[in-house]
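Take the given structure of chain B and dock chain L to it, following the hints.
Chain by chain, the residues run as shown.
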Amino acid sequence: MRAEALKGHLDALILGVLAEGPLHGYAIIEQLKRRSGGSLDLPEGTVYPALHRLEAAGLLASNWSEGARRRRVYRLTARGKRELGHRRAEWSAFVRAVDGVLAT
Amino acid sequence: MSYLETLDRELASAGIPSRRRARILAEFADHLEADPQAELGDPSQLAHQFADELGTTLARRAAFTAFAGLAVAGILIVVAFVTAQSQLFASASRASSALGNLGAWMAVVGGQVAFVAGGLAALRAFRTRRDETISGAQARTLIRRAGVGLGAGLVTMVGFGLTALAAVHHTASWWTTLALGLCAAGIVVLSAAAPAVLAAAQLRPVAAGSAGNLSEDLGPVMPSQLRDRPWRFALVVAGLVAVLVTIAGLAAADPFDGALRGLADGLACLAGFGLLGRYLALR
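Going line by line, the protein sequences match chains B and L. Following the numbering used here, the numbering of the first sequence begins with 740 at its first residue and continues without gaps. Following the numbering used here, the numbering of the second sequence begins with 4 at its first residue and continues without gaps.
Simulated from the structure, these hints should not be mistaken for lab results. Among the hints, a few may not be true.
Cut-off 20 Å, straight-line C-alpha distance, at most; resulting in silico cross-link-like pairs (DMTMM-like, lysine to aspartate or glutamate) [to be verified]:
#, chain 1, residue 1, chain 2, residue 2
1, B, Lys820, B, Glu759
2, B, Lys772, L, Glu36
3, B, Lys772, L, Glu30
4, B, Lys772, L, Asp220
5, B, Lys820, B, Asp750
6, B, Lys772, B, Glu759
7, B, Lys820, L, Glu135
8, B, Lys772, L, Asp134
9, B, Lys772, L, Asp38
10, B, Lys820, B, Glu794
11, B, Lys772, B, Glu805
Reference listing, derived: stretches of chain L covered by chain B, where coverage requires no fewer than 3 residues with Cβ under 8 Å from a Cβ of chain B [claimed, not checked]:
#, region
12, 20-34
13, 196-210
Quick reminder that beta carbons are idealized off the backbone N, C-alpha and C, glycines included.
This is chain B alone, in the form it adopts within the complex (with noise of 0.2 Å):
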């Protein structure tokens, strides 16, 4: 699946992979090819700076692990939880839309 058209889905994406527990960059894009059956192949780079981003727009939390190797642990903040509602909600509402037309 090409970058392009993750566009816009891509913090659903890194708040419902988080939604299972707190992780780091490396393990989210793990989780994100993983979980995804290895369709999600984006470049790997593009998901710190949004990671970032939904960290100063307060969706996540994160701190450095206390291990062998000093590691950025993200996590769901209360709001990023009530946001990933929001986004499944919108996807599932999206999904049907989209299946209504094109499943005739």
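Coordinates of chain L only, in the frame set by chain B:
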């Protein structure tokens, strides 16, 4: 030069502050350690993406923060006016001094500029709230409006303080103390909003697109006869301001001075539009 060194240089040239730059580099280093074959992308494009995405969020935040600060400052000024119980105007006309006149003009002109710039900053930020990224020109417009709004707000506060000081022998001492305290509080509130504007101004977003204009900001509120005719719109607004100030003069049984003030205020509106119109993307 290594990939990370090139990325660091590009991030710096995109205006990303050093602390955030260090964090980005640490994240990318961790990513490359986990997968040395990872294709993270062109450093220059990545740096621009960081500037565009963070620039959008920070510019919107600057606009909303400035507006909130101006709203609080506006309430403080209203409290000072209401508690003055018209004694300030009466005393000002009896004892108009250079200091008092200067302060009054600073408060009147500054207040109008702050209201327009701050309000339009918040309006543009609200209209683009769903956009992941806005153009670099739009981000700069938000920051300029927020910055001019805060600056004009500070001028208003100082001007009102000067007016209160100039009238100190003609007003109750408790009111002078209250007015100066409210002005000081307003200056603190507006100053507290400044870091958000400065943080946004550091970034240099480059996303393509226009800065927009007043017709786009006001949308359906803008009458169709005035749409995309900024100077005609400015003339109408200046005329309305002149009429309102003149009516206020009539109501205060001061028709001649009221008309003069109305004319001066209308011309000041037009001058402000001429001076700041392009800078604030009003035209």
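Taking the hints in turn, this is what the structure says about them:
| no. | hint | verdict |
| --- | --- | --- |
| 1 | B:Lys820 to B:Glu759 | holds, 11 Å |
| 2 | B:Lys772 to L:Glu36 | holds, 19 Å |
| 3 | B:Lys772 to L:Glu30 | holds, 19 Å |
| 4 | B:Lys772 to L:Asp220 | violated, 40 Å |
| 5 | B:Lys820 to B:Asp750 | holds, 12 Å |
| 6 | B:Lys772 to B:Glu759 | holds, 15 Å |
| 7 | B:Lys820 to L:Glu135 | holds, 18 Å |
| 8 | B:Lys772 to L:Asp134 | violated, 25 Å |
| 9 | B:Lys772 to L:Asp38 | holds, 14 Å |
| 10 | B:Lys820 to B:Glu794 | holds, 13 Å |
| 11 | B:Lys772 to B:Glu805 | violated, 26 Å |
| 12 | 20-34 | holds (count 8) |
| 13 | 196-210 | violated (count 0) |
Comparing the model with each earlier hint shows violations of hints 4, 8, 11, 13; every other hint is respected.
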